[in-house]
Amino acid sequence: MPSIEEDCDLGNRCRMDFTMEVIRADDDTHTVQVVIVPDARRYEIVERNGEKFYLDKYLRHIVSVEEMNSSMARQMPGLPIFALSPTIKSAPEYAAKRRAALMSDVSTGDYTPPAERAIPHRRFEDDSTSREVAFLSVDICGSSALRRANPEAFDRAYAIMLRELGTVVGQFNGSLLKPTGDGFIAVIDYPAFTSLCDAAIDMGLSLLVVLRHSVNPALEQAGHEPLKIRIGADYGPAQIRQLEVPATGFSQPEVASDALNRTVKVEQSCEENEFRIGRRLYELVHVQWLERAQEMAFDGASVGIPSYKVYRMR
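Residue numbers 1409 to 1722, in our numbering, belong to the letters of the sequence shown in order.
One or more of the hints may lead you astray.
The list that follows gives simulated cross-link-like pairs (lysine to aspartate or glutamate, DMTMM-like), each with its CA atoms no further than 20 Å apart [to be verified]:
1) 1465 x 1699
2) 1717 x 1707
3) 1497 x 1513
4) 1717 x 1691
5) 1460 x 1425
6) 1497 x 1524
7) 1460 x 1474
8) 1636 x 1666
9) 1497 x 1606
10) 1505 x 1518
11) 1465 x 1447
12) 1717 x 1606
13) 1636 x 1652
14) 1586 x 1666
15) 1586 x 1518
16) 1717 x 1682
17) 1636 x 1563
18) 1460 x 1475
19) 1505 x 1475
20) 1717 x 1633
21) 1465 x 1628
22) 1586 x 1628
23) 1586 x 1547
24) 1505 x 1628
25) 1465 x 1475
26) 1636 x 1590
27) 1465 x 1425
28) 1586 x 1534
29) 1636 x 1679
Here are the computed distance ranges between Cβ atoms for each label pair [claimed, not checked]:
30) 1702 x 1455: 27 to 33 Å
31) 1676 x 1455: 43 to 49 Å
32) 1478 x 1521: 46 to 52 Å
What the hints contain is simulated information worked out from the structure, not anything from laboratory work.
All values reported here derive from a predicted model rather than from experimental measurement.
By construction, the Cβ of each residue, glycine as well, lies at the ideal position given by its N, Cα and C atoms.
Between the sequences and the hints, there should be enough to build the whole structure, so can you do that?
What follows is the structure in structure tokens.
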């Protein structure tokens, strides 16, 4: 049997993926009966000393069938169900529509907003409660050289990119934490960590699609250099702290988070037009995303975790 790293501790944050089959639905009582089964794409059943276990083929964790069943029976009653759906249903279709709109915008100077609704911006620092979130860091490759060669053209291209990709962030229920002058930091904050983590992956891949198929063609039509970006993402706790200089009256909120620091380091490890995620995020995403992840070389010591792993999303 392949090596197994550790048992899955159901007392800590971990994820299992299931397939669901509806057995009966009753319109009068508004109830539904379903059968849920661990997803065969992710799990195989193994035996140890006569006991059956589910083995996670990606994380190499195991959990006994008996423990998993009893844990679900204990936790399911009264468990809330969350849904976090983007307003973009197809990134290629959305990018095609935005390409046509942007081609017109760069010619006329008039902004045409997308039909798909983006959630209103929410300032992360409005709530000082510590919670676990997903961060994404987006950076323009070679921005210093582009700005030095033509500052006005770069500023215009950056403004278009920030507007369009920032809109995508809102369409995936995220918010801009801050622009960086050659990119931005985004955050997704939501009560259901599984939905939140899946949304972060979907968002990152969609950002690349929109840049490639709508933003860059419009920039090239306007005579600007197409942009190349790097995207990094990770997951973990974050809290707002207030920075103050009493003598001058300076006061500013700041996000304190190892996850944010890791996100930036992961982004800096990317090649051009590449999206990578850290291990903490990888461990909590659906198998459909695990199937598209490829482990990459990474200096874990740069984030204080020598063995930390990073994955390229395709």
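Against the structure, the hints come out as follows:
Pair hint residue 1465 plus residue 1699 holds up; C-alpha atoms about 11 Å apart against a cutoff of 20 Å. Taking the CA atoms of residue 1717 and residue 1707, the gap is about 9 Å. The hint holds against a cut of 20 Å. Note on residue 1497 and residue 1513: the hinted pairing is violated, with a Cα-Cα distance of about 23 Å set against a maximum of 20 Å. For the hint linking residue 1717 to residue 1691, the alpha-carbon distance of about 11 Å falls within 20 Å, and the restraint holds.
Restraint check for residue 1460 and residue 1425: satisfied, since their Cα atoms lie roughly 18 Å apart, inside the 20 Å limit. For the hint linking residue 1497 to residue 1524, the alpha-carbon distance of about 9 Å falls within 20 Å, and the restraint holds. As the CA atoms of residue 1460 and residue 1474 are separated by approximately 8 Å, the hinted pair is consistent with the 20 Å bound. Under the criterion of a C-alpha separation no larger than 20 Å, the hint pairing residue 1636 with residue 1666 is inconsistent with the structure, at around 26 Å.
Simply put, residue 1497 and residue 1606 have alpha-carbon atoms about 14 Å apart, close enough for the 20 Å limit, and the pair holds. The suggested pairing of residue 1505 with residue 1518 holds, with an alpha-carbon distance near 16 Å, which does not exceed 20 Å. The straight-line distance between the Cα atoms of residue 1465 and residue 1447 is roughly 11 Å, inside the 20 Å bound, and the hint therefore holds. Only pairs whose Cα atoms come within 20 Å are accepted, and residue 1717 paired with residue 1606 is accepted, the gap being roughly 18 Å.
A distance of roughly 37 Å separates the Cα atoms of residue 1636 and residue 1652; the hinted pair therefore is violated under the 20 Å criterion. Annotation: proposed proximity of residue 1586 to residue 1666 holds, straight-line Cα distance about 17 Å (limit 20 Å). Restraint check for residue 1586 and residue 1518: the C-alpha separation of about 25 Å exceeds 20 Å, so the hint is violated. About 16 Å separates the Cα atoms of residue 1717 and residue 1682, which keeps this hinted pair within 20 Å; it holds.
Only pairs whose Cα atoms come within 20 Å are accepted, and residue 1636 paired with residue 1563 is accepted, the gap being roughly 15 Å. Only pairs whose Cα atoms come within 20 Å are accepted, and residue 1460 paired with residue 1475 is accepted, the gap being roughly 10 Å. Distance check on the hinted pair: residue 1505 and residue 1475 sit about 49 Å apart at the alpha-carbon level, beyond 20 Å; violated. Simply put, residue 1717 and residue 1633 have alpha-carbon atoms about 33 Å apart, too far for the 20 Å limit, and the pair is violated.
The hinted pair formed by residue 1465 and residue 1628 fails the criterion: a straight-line CA distance of about 44 Å is larger than 20 Å. Under the criterion of a C-alpha separation no larger than 20 Å, the hint pairing residue 1586 with residue 1628 is inconsistent with the structure, at around 27 Å. For the proposed pair residue 1586 and residue 1547, the alpha carbon gap of about 12 Å is at most 20 Å, so the pair holds. In summary, the hint linking residue 1505 to residue 1628 is supported, as the alpha carbons are separated by about 17 Å, within the 20 Å threshold.
For the hint pairing residue 1465 with residue 1475, the CA-to-CA distance comes to about 18 Å; that is within 20 Å, so the pair holds. A threshold of 20 Å between alpha carbons decides the hint, and for residue 1636 with residue 1590 the separation of about 11 Å falls inside it, so the pair holds. Distance check on the hinted pair: residue 1465 and residue 1425 sit about 12 Å apart at the alpha-carbon level, within 20 Å; holds. At roughly 14 Å between alpha-carbon atoms, residue 1586 and residue 1534 fall within 20 Å of each other, so this suggested pair holds.
Our distance criterion of 20 Å between C-alpha atoms is met by residue 1636 and residue 1679, whose separation comes to about 10 Å. Separation of residue 1702 from residue 1455 is about 31 Å and conforms to the stated range, judged on CB atoms against 27 to 33 Å. The beta-carbon spacing between residue 1676 and residue 1455, approximately 44 Å, falls within the hinted interval of 43 to 49 Å. Residue 1478 and residue 1521 have their C-beta atoms about 51 Å apart, which keeps the hinted 46 to 52 Å range intact.
Violation of the numbered hints given earlier is confined to hints 3, 8, 13, 15, 19, 20, 21, 22; the remaining hints are satisfied by the structure.
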